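Work out the full structure: start from the sequences and follow the hints.
Which chain is which? The protein sequence lines are F and G, in order. So the first sequence is numbered by the numbering used here: it starts at 1 and just counts up by one. So the second sequence is numbered by the numbering used here: it starts at 1 and just counts up by one.
No lab work stands behind these hints: they were computed from the structure. Small disclaimer: the values here were computed from a predicted structure and weren't measured. Hints should not be assumed to be uniformly reliable.
Some residues of chain G that are not near chain F, with every Cβ distance over 10 Å (derived) [what the hints assert, rightly or not]: (1) Arg8; (2) Phe24; (3) Ile37; (4) Pro62; (5) Leu75; (6) Glu95; (7) Val96; (8) Ser105; (9) Pro189; (10) Arg223; (11) Ala258; (12) Gln262; (13) Thr269; (14) Val280.
Output of the computed footprint for chain G on chain F, the stretches with three or more beta carbons under 8 Å from beta carbons of chain G [stated by the list, open to error]: (15) 47-60; (16) 139-152; (17) 214-225; (18) 230-240; (19) 249-259.
Note that CB positions come from ideal geometry on N, CA and C, so glycine has one too.
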Amino acid sequence: MRLKTFAFKTSAALAVLGLSLTACSSNSSATKAVGGTSDSSTPVSGGTFTYAEVTPIKNWQTQAARFYEKANVLNSVLDRLTYYDTEKGEIVGWIASKFESNDAKTEYTFTIRDGVTFSNGTPLDAAAVKANLDALGLGIESAQIQPNVDFSAYKSSEVVGKNQVRVTLKRSDANFLRATTSVAAGLVSPETLKLDNAGQSAISKIVGSGPFVFKSEKADEEVVFAKRADYKWAPATAKNQGAAYIDELVIKYLPEVAHRAGAAQSGQVDLVRGLQPIDEQTLKAGGGTVYAASGVDLTANMAAARIGSGKLADEKVRHALQSGIDRQAIKDTVLSDSYEIAGSIVNHKAEGYVDLSADLAYDPEKSKKLLDEAGWKVGADGIREKDGEKLEVTVSSSNNSVVIKPAFELIEQQWRAIGVKLVNRAGDNTFLTNALVDSKIEFFGTRQFAYGGLGPVFGPANNTQTLNADEELNSLFVKEQAATTEEEHLKLVGDEQRALVSEKALTLPLWDEVQVYGANEKAHVEFTSGTAPIFQSAWKSKD
Amino acid sequence: MSLYIAKRVAQAVLVVLLAYTAVFLAVQALPNDPVTIFLSTDASADPATIAQMKSHYGYDQPILVQYFSQLGGILAGDLGYSLSSGAPVASRIAEVIGSTLTLASSAFVFAVALALVIVTVGTLSKAFWIKKLFVNLPPLMVSIPVFWLGLVLLQVLAVQLDVMSLFPDGSFLSLAVPIFVLAVHLSAPIAQVLFKSIQTIEQQPFVDVLRAKGASDAWIYFRHLLKNAAPSALSIAGITIGTLLAGSVITETVFARAGLGQLILNAVTVQDIPLIQGLVILTAIAFTGVNLLVDLIHPKLDPRIISADSHSARALAA
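Given below as structure tokens:
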């Protein structure tokens, strides 16, 4: 980790050096918030588009696409039954031209679009959809493939009529349709489903119906895809209904964070993920574009609270920590304008979002008062104590987010001011392995895909956020999933947020999930609600 | 001689076996089995799936059964399955090992050549300042961090000047620059040891005798000093394989190259323990193999090693 910090500082120094060397900076610089029409100019056809991901991936099995590295690539290879349109804020047709459910939300019927084929020529018909849904809902035991967690209510499906598939669920699930929009619910050819785990994990053997088709691979260095010229089944609201504009898509890997801005700026790649806040200005100054892809499909970044050690068992302590975080300072210090302070546990643009920012206001005096009331008295070293025990709490997180560790470093300082010591183990993956299932580690810093709503994230006893199945919360989740009208559903989604954040303070929301991409000035690209680049509509301006 | 070889080979086999055992025990000492650890990274896993995968990969067997079946597998070239890709560990390694071998072997050859040039110039130069400069080069080189040199070169060459690619594209520079970065770090200890050992040998009476006979400095250096100092440099070269591997991890990351280094890094990040286990055993084999080779070459350079009935034959050579 020391090395990382040093590398970070070096890159900062180099970035400054780079700026002074290329003193010809253009000032046409803007961060593009994604979701709207970001470009009015007409797309140009042709060319090779190079995209740099963060780490190489060797497992492309559909259900495993819950990480950005995988989902961002598979998004261009696999189509889904439905698509979530961020602009409209609704689910629209894709491979399913029509979809409906019974009132109890226990049965969903999908009408499969005519004429869709996988890239190997076999039809994507109702039978192929059933085979996929079975694999997603039940897993494939013989191939050691797990079921998709958002399909936990899945029971069975059957082909009805000529081109319809009816899905039967074990219980009501108002979120099931949304789960079918996820890349992790991407459709593969029945031939792919017959392979073993290693076969289904190999990108060369994954046959989808998407706008791009596998062409070649250099292990751990690059994957090349060619466009499918006969593609004509984009999501209903997509502006480009035909084949991709670009001829070829090259995925490369750029593990070194220090080069990401430079790679996009110099034109060696057209688009790169994982731009550091500190590099955003450098890239803009050099004429590049910073795209902030909003993670509508994910929870906000948070510190989820566990009560196993007893220190957070008292609600007052959790509330004290909630109001002891100065979120504006986090944004100003370690984030950038690409990031938005969270107003709830879900993203501002998510369906059913309720604004709880008043409950998230920074109020250290209130925190101190609450801690006093809870019996934690300030000790000689400034850290509060109760019954001889110090109020020392630990946070664990993976190193997947580039900003999470510095954010917790700042929170560490803020909490010290109210007499709480934070042990910051964010970014330490080895520690995380044990911490994930240890309820005595008080905080888990994370953000999660929430295709199945907040229930699967915070609900079951083995959920890794709180490691605690709160009965009240769980009955609320069950009610929410069983909601039969849109109105009732949204109300219950709001209740869940209020319960989690404002009433129980079981999670301390920090900032909306966003993935920051850097693009060369010639590259034009849009993103899905899951922050994946849409290469089917991406294009490059001519020189 | 054959007894010496047999002894060294047996020692090497024992070292690898102990390394395997140590790794095996380390994995057993983890708070959980590899499948659970892998599946629980960042998300909650289904207990039934974990149980199913555990039995599929044999992690539910008694410890002794696991120990011997894994050992048997290794002898047959089977290192188990990588959890992150589902592919056999051996084939995952085979995919990328070529890239690392190219990088590491070229860097090693270049490092030895670089060390020889530095030591030769530093020893034979008449100008005091040149001598001083070259003697101080190795400590400087060893203190330049590999990643820093790589970052700076890429920033200048790839981003500022745009004369090379940030990615390995098969061009001369895209291989030469990483080789250079790795070799600089690697040649430092070799040069350092060679310098010290030449300085020590220079003090010996036979060198005075040679000088008295009218031999030139260059003749003495190439015919006698270098030959006598070679065994110690060879020993240190054998040990640098560790540095080489560590350097490769960083070089491959900075230069976005596929290879064992990247593989190790990713295996550790995603907690793919069977893959880590396979890589550690491979490293142990490589390390032991190279040092065995060094031990076998030593007697050629210094026949006293065979006659000396000592456990520390190498100490004698140094």
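Going by Cβ atoms, does Gln262/G stay more than 10 Å from chain F at every point?
-> Non-interface label on Gln262/G violated, nearest chain F Cβ at 6 Å vs cutoff 10 Å.
Do three or more residues of the stretch 249-259 of chain F come closer than 8 Å to chain G, measuring C-beta to C-beta?
-> With 7 residues close enough to chain G, the hint holds.
Just checking, Leu75/G versus chain F, shortest CB gap more than 10 Å?
-> holds (23 Å)
Nearest-CB test (10 Å) between chain F and Phe24/G | Holds, since 19 Å exceeds 10 Å.
Could you check that no beta carbon of chain F comes within 10 Å of the beta carbon of Ala258/G?
-> violated (4 Å)
Status of the stated non-contact between Val280/G and chain F (beta carbon gap over 10 Å) | At about 15 Å from chain F, Val280/G clears the 10 Å cut-off, so the statement holds.
Outcome, coverage hint (the stretch 47-60 of chain F, chain G; C-beta under 8 Å; three residues) = Holds, because 4 residues of the stretch 47-60 of chain F bring their Cβ atoms closer than 8 Å to Cβ atoms of chain G.
Hey, does Glu95/G actually stay past 10 Å from chain F on C-beta?
-> Label violated. Min Cβ-Cβ 4 Å, cutoff 10 Å.
Would Arg8/G pass as off the interface with chain F, using Cβ distances and a cut of 10 Å?
-> Its Cβ never comes within 10 Å of chain F, the nearest being 36 Å, so this holds.
Could you check that no beta carbon of chain F comes within 10 Å of the beta carbon of Arg223/G?
-> holds (45 Å)
Closest CB-CB distance from Pro189/G to chain F, is it above 10 Å?
-> holds (20 Å)
Verify the coverage statement for the stretch 214-225 of chain F against chain G, using a C-beta to C-beta distance below 8 Å and requiring 3 or more qualifying residues.
-> holds (count 5)
Going through the hint list in order, the structure does not satisfy hints 3, 6, 7, 11, 12, 13 and 18.
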